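Number of protein chains: 8
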Amino acid sequence: MKVYLSGEIHTDWRDEVEAAAQGLGVEFSGPVTDHATSDDAGVRILGAEDVKFWHDHKGAKLNAIRTRNAIEAADIVVVRFGDKYKQWNAAFDAGYAAAKGKALIVMHGADHQHALKEVDAAALAVVKTPQQVAKILHYVVSGEAE
Amino acid sequence: MKVYLSGEIHTDWRDEVEAAAQGLGVEFSGPVTDHATSDDAGVRILGAEDVKFWHDHKGAKLNAIRTRNAIEAADIVVVRFGDKYKQWNAAFDAGYAAAKGKALIVMHGADHQHALKEVDAAALAVVKTPQQVAKILHYVVSGEAE
Amino acid sequence: MKVYLSGEIHTDWRDEVEAAAQGLGVEFSGPVTDHATSDDAGVRILGAEDVKFWHDHKGAKLNAIRTRNAIEAADIVVVRFGDKYKQWNAAFDAGYAAAKGKALIVMHGADHQHALKEVDAAALAVVKTPQQVAKILHYVVSGEAE
Amino acid sequence: MKVYLSGEIHTDWRDEVEAAAQGLGVEFSGPVTDHATSDDAGVRILGAEDVKFWHDHKGAKLNAIRTRNAIEAADIVVVRFGDKYKQWNAAFDAGYAAAKGKALIVMHGADHQHALKEVDAAALAVVKTPQQVAKILHYVVSGEAE
Amino acid sequence: MKVYLSGEIHTDWRDEVEAAAQGLGVEFSGPVTDHATSDDAGVRILGAEDVKFWHDHKGAKLNAIRTRNAIEAADIVVVRFGDKYKQWNAAFDAGYAAAKGKALIVMHGADHQHALKEVDAAALAVVKTPQQVAKILHYVVSGEAE
Amino acid sequence: MKVYLSGEIHTDWRDEVEAAAQGLGVEFSGPVTDHATSDDAGVRILGAEDVKFWHDHKGAKLNAIRTRNAIEAADIVVVRFGDKYKQWNAAFDAGYAAAKGKALIVMHGADHQHALKEVDAAALAVVKTPQQVAKILHYVVSGEAE
Amino acid sequence: MKVYLSGEIHTDWRDEVEAAAQGLGVEFSGPVTDHATSDDAGVRILGAEDVKFWHDHKGAKLNAIRTRNAIEAADIVVVRFGDKYKQWNAAFDAGYAAAKGKALIVMHGADHQHALKEVDAAALAVVKTPQQVAKILHYVVSGEAE
Amino acid sequence: MKVYLSGEIHTDWRDEVEAAAQGLGVEFSGPVTDHATSDDAGVRILGAEDVKFWHDHKGAKLNAIRTRNAIEAADIVVVRFGDKYKQWNAAFDAGYAAAKGKALIVMHGADHQHALKEVDAAALAVVKTPQQVAKILHYVVSGEAE
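Protein chains in written order, with our numbering: chain H, 1 to 146; chain D, 1 to 146; chain W, 1 to 146; chain E, 1 to 146; chain P, 1 to 146; chain B, 1 to 146; chain S, 1 to 146; chain L, 1 to 146.
Some hints could be false.
[Unchecked claim] Stretch by stretch, here's where chain B covers chain L in the computed footprint (C-beta under 8 Å, at least three residues):
#1 26 to 35
#2 61 to 72
#3 87 to 99
Because the hints were derived from the structure by calculation, they are not lab data.
Values in this document were obtained by computation on a predicted structure and should not be read as measured data.
Just so you know, even glycine gets a beta-carbon here, dropped at the ideal spot from N, CA and C.
This is chain H alone, in the form it adopts within the complex (with noise of 0.2 Å):
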């Protein structure tokens, strides 16, 4: 099974997840994590930009390589929203894998339950916790729900 976690990249809830899910034969994938090096990533390879528009717009579309290939693969892809920033790339993930057919798991806290009531509406489970991600993980494997 191939999970991809996508959205909120300043906490380490993607550890959090694959250490709970050890041992399920899960595949986690992810966009890259290291803030500076995403936003970066596309001068650096591909040639600096005077303009902000065009040195992010390089970045976007060399994480797009990453990340549609990895949503296309997921069997699941599990979007976290968490407290700070717009984070319209998690929504936009969301969106996208939900239109590609993918089981959709949305976590966030309970202060974005409105504002996030239609990406809500497309998952097919929404969650708090990491662990409640595991333990989806683990349910679905293994058919057990302690």
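Based on the hints, put chains D, W, E, P, B, S and L in the right spot on chain H.
Then chains D, W, E, P, B, S and L, alone, in the frame of chain H:
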């Protein structure tokens, strides 16, 4: 040509686009823009819910009937990000449209440029104003760009 | 907008939906609702069969010509489960529509709630009455939910 | 070859098929067959619900993560209808598999023949026993039918 | 409803179907039925060929422009096998239509039953006469089977 | 690379192709080539039929489980037309493979050239011998054509 | 029938095709043929760019809105290669159309035959003149080839 | 990860990419790069042709077996345009890959920038050197961009 106008619902930008595109033979569609109706349609039609999550869930799913059919039918999807709110549904629509291979036009101000770089990277045009959208539609239909 | 009305054929719920949705410009379709004709069309047109299985097989396949084309063409598929019979063809249609990405509305009474939980989980709305279906169609077309 | 065994969960027919198909190199999957776990996994992992509909909804959606991925991955989908219950999820799975172009095998007793005619009409084989399923798998893999 | 009439071109069965289906609002299409024109259109339009294979190749490809577009557009594909010739193009069309998920009706006499068993197995109806095709179309459109 | 060898089952051409392609790492599949088993597998496993049509129908559908899965999985589909019989299933497979976008290789003698022109027109190669098929596979895998 | 006329924009071949195809009920579309407008539409509507690459990028993406929608909608795509320029966009359109399963007609002079062999190999017809295109359209619509 | 290296075959750029990407676990594929073999494989295997068009046609179709399967299987398609020749097959591959939703990387010198603007507009990265391709692959696999 069918164009879906997604995103921000607190200004009259849809009217501006439609007025400026008059005579082009474009058929426009969009989400329900009356905020209260959009939020409460679910419980009004399907029955009240005590828990806010399910209240919103019913509404978001009813809206999805309208939204997904309209995006599927569209040749072009325009997504506008305004100044306020999280607007995750707008980004979700953009991801959905991108995955369906729709021609995507994104509209936003300069202050959101960095936060929207992944969404912009999936677009065939990034604009600032409704007039630019109308000019693009005019160009696509008539081949003229004054 | 095209709407396919699947399922129970022993009450006049289709007439109720269509009457309540008049003026919306919705094009309705549905299965053959004359029970004897539906059961026997196969052998009437294609020749009699001694074995009941093949008698039914011929009829079911003729009906599939009508049903699958209509579901494919539909924007919305409504499936009603009545009080009697197994109604496996209704649940089959729901699964077929879900796999084709159609917007699914399921109608049934409270007594069938638990048995239909998997079908309901694939729906964008679960209703009890034909009037609710008409209200949803009205909302999807006009954006109004009184 | 991957085979998904859908439907009735109250007898050990899956074990019979798998035992009789041993050595063929077939990889089997199926739904969670522990009734209580399947019903309650949603609330156990995602939190309790006061309303039965949402209790069931959460569970059905968790199960859909497992079910839809497994049907998508399958080359052959076998759906068994037992003597009891409505089994609408079995018919839903059959419709889903048919729409996805999967090779469908339906298993049921003679008493359900008429009620299942539409489901049977979509199948490439209609059988009565687990042994017949195993013989079909044996034939498909080895080309032998003793 | 669009119906493509494939196969045998030496009798007037298409006229019979169309006459018997008059008033149903069915739009019929079919291959070019003038044998010489069909065989030679390629070289007439695109230039002569010394080698018979390429002479035929040019013609067959021109015909494919017409045929494949018409099959793609059709809701129902009818394929008639006559008494003479190999008619491999008819069987090819049947396979093509089946793979595209079209509702397939096959027409042939009893003498070809065994040889056509694989084609018949992919059909939703197997008939002997043009009148039966018209009755099916009548049933699919109106729900009546006298 | 996966190659499906469809069509004529009365000579050992499959063995010739496989022998000549040894060492290329190609995985071959094909229909059941024991004529009696192929014809009777349906009734042997699923129960006898009095009517020949249904006897054949059961067999043809069982074979379709094997055939369609193998064609779907194949990168290349080779279809051989022999000297005898109608071989409509071979032409059906060719049409099915073409519609699924498979690379199609057709094998036949010069005497069938005109009758197979539509099938040949859908092929990427038309050959006369098993050795030519093996040479093509060798070329596709290694890039060498001696 | 919808026909997209791609490629060379420096002669009036589109007018010739359309004039010769008058009365056939064919709906033609094509790229913007005013060279300066096509090149500069991006910056005119979306704002100037200092770097030539991004100047061109904006224009090419605006044109893609028009081009891809028109190719998607077309039944037949005609691609003409003229005497001058690299015309990589013409070849790109041919590849795009081929991958979308469109009926492809390629037009070019004898001198480009070898260089276009891969493009020609994907076509259902290779022609030299606009009159030949019109004759093909006439044949596809009417079945006549004088 | 699978990467198809399309386009120019007269320099050793494929070796450079593969050498620089060693250890990343990337599986590379590409066209036959021996010019004479690629041109003549068709007639060598399938028999000589007097007319140059058909000589080339046979070869181009054999190559299409290899090319299309490899592009379909690829996660990333790199297309390099060199200094010489028309290279329409490279642009055709780029269009084909774009229509199939593959991540596209285009490589060319500054002199071809304007002529390739439509191809570049479909790419997720535009590079000048094989080393840049390897850096992108390294970034996509490891998330590091030094």
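Hints, verified against the model:
1. For the stretch 26 to 35 of chain L, the stated coverage by chain B holds: 3 residues have a C-beta nearer than 8 Å to a C-beta of that chain, and at least 3 were required.
2. Figure legend: the stretch 61 to 72 of chain L, annotated as covered by chain B; annotation consistent (7 residues with Cβ-Cβ distances under 8 Å, at least 3 required).
3. Under the rule that three or more residues need a Cβ within less than 8 Å of chain B, the assignment of the stretch 87 to 99 of chain L is violated, with 0 such residues.
Checked against the numbered hints above, the structure violates only hint 3.
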